[in-house]
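Visitor: Residue numbers are given in the working numbering: position 6 of the sequence shown equals residue 253, and the series is strictly consecutive.
In case anyone wonders, no lab produced these hints; they're calculated from the structure. Computed from a prediction, not measured in an experiment: that's the story for all the values here. Even for Gly, the Cβ is constructed at its ideal location relative to N, Cα and C. Please note that the accuracy of each hint is not assured.
[As the list claims (entries may be wrong)] Quick list of the computed label-pair ranges, beta carbon to beta carbon:
hint	residue 1	residue 2	range
1	VAL309	GLY271	33 to 43 Å
2	ASP292	ARG313	40 to 50 Å
3	GLY271	LYS318	37 to 47 Å
4	GLY371	GLY282	30 to 40 Å
5	HIS383	ARG286	31 to 41 Å
6	LEU280	ASP331	16 to 26 Å
7	ALA316	GLU426	34 to 44 Å
8	THR305	ILE283	10 to 20 Å
9	LYS290	SER390	14 to 24 Å
10	PRO373	SER260	41 to 51 Å
[To be verified] Think about it this way: if two alpha-carbon atoms lie no more than 35 Å apart in a straight line, the pair counts; the simulated DSBU-like pairs of lysine-lysine are:
hint	residue 1	residue 2
11	LYS268	LYS422
12	LYS343	LYS376
13	LYS389	LYS376
14	LYS343	LYS269
15	LYS389	LYS269
16	LYS317	LYS268
17	LYS389	LYS317
18	LYS269	LYS317
19	LYS317	LYS364
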Amino acid sequence: MNPNVILDLCSGSGSWSEPYKKHGYDVRQIDILDGIDIRLMEKLDCTIHGILAAPPCTALAVSGARWWAKKGNMALLESLSIVDACIRAVNIYCPKWWALENPIGRLSRYLGPPVMKFQPWEYGDPWTKRTCLWGHFITPTKSPVFPIEGGKIHRMPPSPERSRLRSITPPGFAKAFFEANP
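Given only the sequences and the hints, what does the whole structure look like? Please build it.
Guide: Written out as structure tokens, the structure reads:
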């Protein structure tokens with residue numbers, strides 16, 4: 248097993264950290280869905296090699312802008328408190344690299360402009376969903392394909408699984424990110 252520890256914060260499906268797991272890294276998934284709130288996580292007694300963070304985008308992504316007024320500031324404050332906890336983890340552990348992901352939205356107002364924006368099709372997954380990354384990492388090498396599936400993510404019909412499916416990190420990007428940031 249690789250001795251390097253990767254923190255996968257707000258990990259959801261774990262798709263972003265999957266390439267690290269496949270290569271033997273010690274991936275620690277921290278997610279409220281598993282009963283672990285990053286905001287309450289105590290400091291781990293180990294060296295953290297890298298941090299992947301994908302805080303919930305419900306109150307941040309522009310795709311949900313029409314509901315922002317109805318949700319009010321409490322939803323925004325909740326989301327920003329999770330983003331803040333992810334940034335605190337970066338400051339506590341000082342990893343070799345780190346990245347925080349969120350779709351196009353209002354997070355730039357709080358973190359400044361993203362270091363990188365990407366579309367899944369730029370990394371071999373034939374659909375669109377512009378995503379932003381903040382952090383300190385090596386930009387992955389692109390392997391673009393034609394986006395024949397277009398906006399399939401945006402066209403998903405309402406369902407109990409919709410938000411979970413929309414939040415899965417595209418596998419081509421996850422692989423490219425791992426290759427650039429081992």
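Visitor: Hint by hint, say whether it matches the structure.
Guide: Consistency of the hints with the structure:
1. VAL309 x GLY271: 33 to 43 Å: holds, 38 Å
2. ASP292 x ARG313: 40 to 50 Å: holds, 45 Å
3. GLY271 x LYS318: 37 to 47 Å: For GLY271 and LYS318 the Cβ distance comes to about 41 Å; the hint holds.
4. GLY371 x GLY282: 30 to 40 Å: holds, 34 Å
5. HIS383 x ARG286: 31 to 41 Å: violated, 22 Å
6. LEU280 x ASP331: 16 to 26 Å: holds, 19 Å
7. ALA316 x GLU426: 34 to 44 Å: Roughly 42 Å apart at Cβ, these two residues keep to the hinted range, so it holds.
8. THR305 x ILE283: 10 to 20 Å: Distance hint for THR305, ILE283 holds at roughly 19 Å.
9. LYS290 x SER390: 14 to 24 Å: violated, 38 Å
10. PRO373 x SER260: 41 to 51 Å: Once the Cβ atoms are compared, 19 Å apart, the range 41 to 51 Å for SER260 and PRO373 is violated.
11. LYS268 x LYS422: Roughly 11 Å between the alpha carbons, so the hint for LYS268 and LYS422 holds.
12. LYS343 x LYS376: holds, 28 Å
13. LYS389 x LYS376: Measuring from Cα to Cα gives roughly 15 Å; hence the hint holds.
14. LYS343 x LYS269: OK: LYS343 and LYS269 at ~20 Å, within 35 Å.
15. LYS389 x LYS269: Given that 35 Å is the threshold and the Cα spacing comes to 21 Å, the pair holds.
16. LYS317 x LYS268: violated, 40 Å
17. LYS389 x LYS317: violated, 39 Å
18. LYS269 x LYS317: At roughly 42 Å apart (the allowed maximum being 35 Å), LYS317 and LYS269 break the hint.
19. LYS317 x LYS364: holds, 28 Å
Hints 5, 9, 10, 16, 17 and 18 from the list above are not met by this structure, while the remaining hints are.
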